[in-house]
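Order-wise, the sequence lines are chains C and R. Counting in our numbering, the first sequence runs from 209 upward without gaps. Counting in our numbering, the second sequence runs from 44 upward without gaps.
Hint data in this document are derived by calculation from the structure and do not stem from the laboratory. Here the structure is a predicted model, which means the values were calculated and not measured. Beta carbons are placed, not taken as given, at the ideal position from N, Cα and C, and that holds for glycine. Be aware that one or more of the hints could be misleading.
Claimed, not checked - Examples of chain R residues toward chain C, derived with CB under 8 Å: (1) Leu75; (2) Gly76; (3) Arg327; (4) Thr389.
Unchecked claim - Derived Cβ-Cβ restraints for the label pairs, each shown as a range: (5) Asp370/R x Lys368/C: 47 to 55 Å; (6) Gly188/R x Asp213/C: 36 to 44 Å; (7) Thr410/C x Arg175/R: 56 to 64 Å; (8) Arg465/C x Phe130/R: 41 to 49 Å; (9) Ala222/C x Gly194/R: 52 to 60 Å; (10) Tyr211/C x Phe130/R: 51 to 59 Å; (11) Leu191/R x Ala222/C: 50 to 58 Å; (12) Ser159/R x Leu212/C: 41 to 49 Å; (13) Trp360/C x Phe130/R: 31 to 39 Å; (14) Glu291/C x Leu101/R: 40 to 48 Å; (15) Leu212/C x Arg251/R: 19 to 27 Å; (16) Arg251/R x Tyr211/C: 22 to 30 Å; (17) Pro337/C x Leu101/R: 44 to 52 Å.
So you can see what is in the structure, the chains are spelled out below.
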Amino acid sequence: MKYLDEYRDGDIAAKLVERIHKVRTRPWVIMEVCGGQTHSIVKNGIDHLLPKGVELVHGPGCPVCVTPLEMIDKAHAIARRPEVIFCSFGDMLRVPGSDGDLFSIRSRGGDVRVVYSPIDCLKIARANPEKQVVFFAIGFETTAPANAMLAWQARRMELKNISLLVSHVLVPPAIEAVLSSAQNRVQGFLGPGHVCAVVGYTEYEPLAQRFHVPIVVTGFEPLDILEGVLMVIEQLEQGRAQVENQYSRVLAREGNRPAQELIAKVFEVNDRKWRGVGMIPRSGFHLRAEFRDLDAEERFSVQTIDTMESEVCIAGQILQGIKKPHDCPAFGTQCTPQHPLGATMVSAEGACAAYYTYGRHLKDADLVTLGGARG
Amino acid sequence: MTTGRMDESEQTKPGPFGECPLPIFEHPQIVLGHGSGGRLSAELIEKVFVARFRNPTLEKMDDQALLEIGGARLAFTTDSFVVTPIFFPGGDIGSLAVNGTVNDLAVGGARPLYLSAAFILEEGLAAADLSRVVDSMAAAAQNAGVQLVTGDTKVVNRGKGDQVFITTSGIGVVERETQLSADRARPGDRILLSGYIGDHGITILSQREGLEFEGALESDCASLDGLVAAMLDAAEAAGDVQGVRVMRDPTRGGVATVVNEIAGRSRAGMLLRESLIPVRDEVRGACELLGLDPLYVANEGKLVAVVAPRIADRVLAAMQAHPLGADSRVIGEVTERPAGMVLMRTGVGGTRVVDVLFGEQLPRIC
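Isolated chain C (complex conformation) (with noise of 0.2 Å):
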C-alpha cells in the first residue's frame, strides 16, 4: 500500500540497522517521547533489532496515560448525569477512574459516545438540543487544532448545549522535567512527529542547547523510528546536540500556521499536573477567559474530586524513562490491561500495556524463545 509498504521495507530496515550497529561505537539511551511511537517499536519488535547497547525507553508522550485521576474522576461525574451526552476518544473508555470505567457507565444508562472526531459532538449537539453534550478534550499539542476548532464551531454557531472537559498537555515541558532530573539516564531524543507536525520544532532548540541532547523529530513506520536512531547516534557519536527532523516528508520547521493561530485564539497556556509525574508549570492548556463558558468543570462545578494512586505503581518512574515496565513488581501479575494500577497500564500507548499486549510479560525461559524465533 502507497505511503506505508514504503516505510515498513525490511531490506532497508536491515540496512538500516547494519549502519546503527557502525556508527554505534559505545551504549546509549535514547527515549523515544511520543506514545504512538513506544507503540510503532514493540508492535513491530524494533528493539529486538538493534545493537545491545542501544537502549529505547518509553516517554510521557501517552496523552490518555498523563491524564490525572482526578480528572479521569471528574469526566465520569459528568458522565453519569442523565442529562449529559458524554463523548470521547475511543481509549479513554477503558480507563478506570476510582470507581469504574466509561463503559461501565455506559452499563449503568449513561450516554458514553466514541467519537472519532471532535468535529462530531456539533452533529449530535444539535440533534439533541435538549442534552448537554460534553467532550473529553485531552490530548497534546496534535489534538489541539481539532480540540479548539470544537469550541471555535460551538460558538460561532452559537450551540449552548456543548461544554469541553480540556486535559491539554504539553510535550517541551515534560522533556524539561525529564532532563532535569536527578535521577535523569536519558542521552538522546526521537521527538514527536505529530507534535512538530502541528507546532514544529523550534521551541526544541533551546531545550537541546541547553541540556546538550540532540533531538531528532521522528515518525510513527518502523524506517522512521530506526532512521531517527540512527541520526541521534551519529550526533551522540560526534558529540553533536542538535534538532534535526528525520519526517521532513510531514512537517517543516515552523510547523502549521493556521493550526497554531487557531490553538492560540482558544487556548492558553496554564500549569497542569501529569498522572505518574506531578504538577510540571505551563505544560498545558485550558480554554481562554472568552471560551471558559464553554468550560464544563464549570459548568458542571466539579472542581474537587480526591484522589488515590497505588502505591505499588512505578508509572512516574517509567514515564520519565528511569524504569521500564518489567522493572515493576506488579506488572503483568497485579496490574494488567484488564486492573492497571497506574497510568501507564491503561492506553494501548502507554508503554506497560504495550508490553504486556506484545507479550513482554512473558517469562524468561519464553524470552529465550523469543529471541531464538528470530532470524
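Since the structure of chain C is already known, use the hints to place chain R on it.
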C-alpha cells in the same frame, strides 16, 4: 462458543475447603466488551456459562458440538446475530445468520443439513425490510443446500430491540473420518488462511454513523461448506483426512483470537509471518487511520486451517482452486514453544507476541 486463552490465575483452583462451586464473576454489569470475542467474553463464558453446564462436549469449546446419536455423527451449533446496519455492502443480517451457522457446522467437518431461525422483531420494523432479510436468508440457505425447518418469532416494544435480532441453530452430518478440534495442532503443522482479512468488520464500521469514509469494500459474508468440502476431498485423496487438524472461521475477534484459541487448546506455539497475511488496501487504510489491527477485525467468509505438513500443499492447492479460497496462503506454522502463545515475525524482521485482546478494539487518539 468461542473462548480466549485464560491465565492460570483466572481459573478456579481448589481451596483449603475443596473446590469453589462457582467461580466469581466480578463485573456488576455486562459491558459491551463481554461480546467482543476477547478475554472478557472468555471470562463471561467460562465463569457464568461453562461453570454451570459443564460437560465433556461443551468443554471442547469448538465452534460446534459433535454428537454421536444412533451411530451417526452429528454436528450441532447455534449463533445469534445483531448487526447495525442490518443491510450492508456484501450482505445483510439474513445472509449473515444463515452463513454464520452453516460455517460453524462446515468447519467441524459436517455437511450442513437443517437450520432453525428465531426472530426478535422490534415494533415499527418496516415489513418490506423484514421481507428483504428473509428473502436473503432463503437465497443463502438454498446456496448452502440447507433447509430451514423450524422457527419462532417474537415482537418487542419499540426501543427494546434494534430492528431485528436473529438466532439460528443448525444440524449437519459428519460423513468423513475427520477428527477436527482446536486441540489437535502439532508442531510442524502449517497454518492456512483462505484469503483477505478484515473485510466484514471494516465494511460494517464504515457504514456506521459518524464514520464517513467511502470505498468499494464489501463484507466477505459467504458460506464455506463448499470450500471445506474441497479441502477435505483433497486430504482424503492424499490418504490423510485427519491431517486437516483444525478449522475455524475467524469471525469476531478475528484471526488473532482464533489462532490463540488453537494455540491454547493444543498447548503448542504458533509462528505467523506478517508479510504473508493478506489485507486489502482499503482495510489497511481504515485500520491505520483508526489505530486498529486487522488481525482482530471480524471476517464472515474466511477460514483458518491447521494442516499436517505432508498434505499442506495439496490442501492449499484445493483451496486456491475454489472461488472462495483463490487468495489462500500458508501464513505460518505450529511450533513446540512457547506453548499456548502466538508469535509473529513482523514485516521489518522483528518478533512480537500476538495475544488475545481484553475487550473490543478501541480507536486510538492519535
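Here is how each hint holds up against the structure:
1. Leu75: holds, 6 Å
2. Gly76: Holds: closest Cβ of chain C sits about 6 Å from Gly76/R, inside 8 Å.
3. Arg327: holds, 5 Å
4. Thr389: holds, 5 Å
5. Asp370/R x Lys368/C: 47 to 55 Å: holds, 53 Å
6. Gly188/R x Asp213/C: 36 to 44 Å: Taking Cβ atoms as reference, Gly188/R and Asp213/C lie about 41 Å apart, which means the hint holds.
7. Thr410/C x Arg175/R: 56 to 64 Å: At 59 Å between Cβs, range holds.
8. Arg465/C x Phe130/R: 41 to 49 Å: Holds, at about 45 Å.
9. Ala222/C x Gly194/R: 52 to 60 Å: holds, 59 Å
10. Tyr211/C x Phe130/R: 51 to 59 Å: Given a distance of about 33 Å, which is not inside 51 to 59 Å, the answer is violated.
11. Leu191/R x Ala222/C: 50 to 58 Å: For Leu191/R and Ala222/C the Cβ distance comes to about 56 Å; the hint holds.
12. Ser159/R x Leu212/C: 41 to 49 Å: Once the Cβ atoms are compared, 45 Å apart, the range 41 to 49 Å for Leu212/C and Ser159/R holds.
13. Trp360/C x Phe130/R: 31 to 39 Å: holds, 37 Å
14. Glu291/C x Leu101/R: 40 to 48 Å: holds, 45 Å
15. Leu212/C x Arg251/R: 19 to 27 Å: With a Cβ separation near 24 Å, Leu212/C and Arg251/R satisfy 19 to 27 Å, so the hint holds.
16. Arg251/R x Tyr211/C: 22 to 30 Å: Once the Cβ atoms are compared, 25 Å apart, the range 22 to 30 Å for Tyr211/C and Arg251/R holds.
17. Pro337/C x Leu101/R: 44 to 52 Å: For Leu101/R against Pro337/C, whose Cβ atoms are near 51 Å apart, the range 44 to 52 Å holds.
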